[in-house]
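> Generate coordinates for the entire structure from the input sequences, incorporating the hints supplied.
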Amino acid sequence: MDDLERYIELLDRLGLALDSVWLDGSFISGKVTPGDIDCSPVIDAARSAPDPSITADLNDMWIAPRNRWKHEPVPGIGRTLNLDIYGIVKVPDAHPGHGTYAALRGHWDDWWQRSRATGETLAKGYVEVVLS
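In the working numbering, the protein residues as written are 238 to 369.
Treat the hints loosely; a few may be bogus.
[To be verified] When the alpha-carbon atoms are kept at most 27 Å apart in a straight line, the in silico DSS-like pairs for lysine-lysine are as follows:
id, residue 1, residue 2
1, Lys307, Lys268
2, Lys361, Lys307
3, Lys361, Lys268
[As the list claims (entries may be wrong)] Label-pair distances were calculated between CB atoms; the ranges are:
id, residue 1, residue 2, range
4, Leu368, Arg316, 21 to 27 Å
5, Leu247, Gly334, 20 to 26 Å
6, His332, Arg303, 21 to 27 Å
7, Leu368, His344, 20 to 26 Å
8, Arg243, Pro333, 31 to 37 Å
9, Ile265, Pro289, 33 to 39 Å
10, Lys268, Ala331, 39 to 45 Å
11, Arg342, Asp288, 23 to 29 Å
12, Val367, Pro289, 24 to 30 Å
13, Glu365, Gly334, 19 to 25 Å
14, Ala331, Ile265, 31 to 37 Å
15, Thr270, Val364, 15 to 21 Å
FYI, nobody ran anything at the bench for these hints, they're computed from the structure.
In this text, all values refer to a predicted model and were calculated from it rather than measured experimentally.
Using N, Cα and C, we set each Cβ at its ideal position, and we do this for glycine too.
This is how it looks when you write it as C-alpha cells:
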C-alpha cells in the first residue's frame, strides 16, 4: 500500500489532480501477501495543472506507465514501485475529447471486472477509492 500512496503523492506534486483510483488484482483478493497493486488512477483534467517539465511524456510516464515502475526507479521517488498503472484522464462532458474519455473509461471498467486468470465471463468487480 505504501507504493500506491507514494505514487498518489507524486502525482499530486506533479500537478495531476486525482478524482479516484480503481484497484484490482490480488491486492483486493483474499491473498495474504499480494505481489503488486493493479490500479487505474482517474485524473481530473479540469482540476489538473501539470508541471510543464512532464507534459512531453505525460501519458507514458505518469498516467499509464503500465508496469514500467516495477523495473525502473520512479523519478521523484528514487526506487521501483510494485504497481501496474493504467490511468484515465477524466474530462468535462462538453470537452471535445469526452467521447474518447468515455470509451477508455468503459474499457477499463470492463477490464477490471473480469477474471482473466480463470477465463470467467461473469463480473467480479473492483474497488473504487474516491479521493476528490
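> Run every hint past the structure and note whether it holds.
Right, here's what the structure says about each hint:
Proximity of Lys307 to Lys268 is assessed by CA-CA distance (about 20 Å); at most 27 Å being required, the pair is judged to hold. Simply put, Lys361 and Lys307 have alpha-carbon atoms about 26 Å apart, close enough for the 27 Å limit, and the pair holds. With a C-alpha separation of about 15 Å, the suggested pair Lys361 and Lys268 falls inside the 27 Å cut-off, and the hint holds. Distance hint check: the CB atoms of Leu368 and Arg316 are about 23 Å apart, consistent with the given range 21 to 27 Å.
The given range of 20 to 26 Å is respected by Leu247 and Gly334, whose C-beta atoms sit roughly 24 Å from each other. Between His332 and Arg303 the beta carbon distance is about 25 Å. The supplied range of 21 to 27 Å therefore holds. For Leu368 and His344, the hinted distance range of 20 to 26 Å is satisfied, since their beta carbons lie about 21 Å from each other. For the hinted restraint 31 to 37 Å between Arg243 and Pro333, the CB-CB distance of approximately 34 Å keeps it satisfied.
The hinted range of 33 to 39 Å is satisfied by Ile265 and Pro289, whose Cβ atoms lie roughly 36 Å apart. The hint said 39 to 45 Å for the Cβ distance between Lys268 and Ala331, and at roughly 42 Å that hint holds. In this structure the supplied range 23 to 29 Å holds for Arg342 paired with Asp288, their Cβ-Cβ distance being about 25 Å. Between Val367 and Pro289 the C-beta distance comes to about 29 Å, which sits within the given range of 24 to 30 Å.
Taking the beta carbon of each, Glu365 and Gly334 are about 22 Å apart, inside 19 to 25 Å as hinted. A beta carbon spacing of about 34 Å between Ala331 and Ile265 agrees with the range 31 to 37 Å that was offered as a hint. Between Thr270 and Val364 the beta carbons are some 18 Å apart, a value that agrees with the proposed interval 15 to 21 Å.
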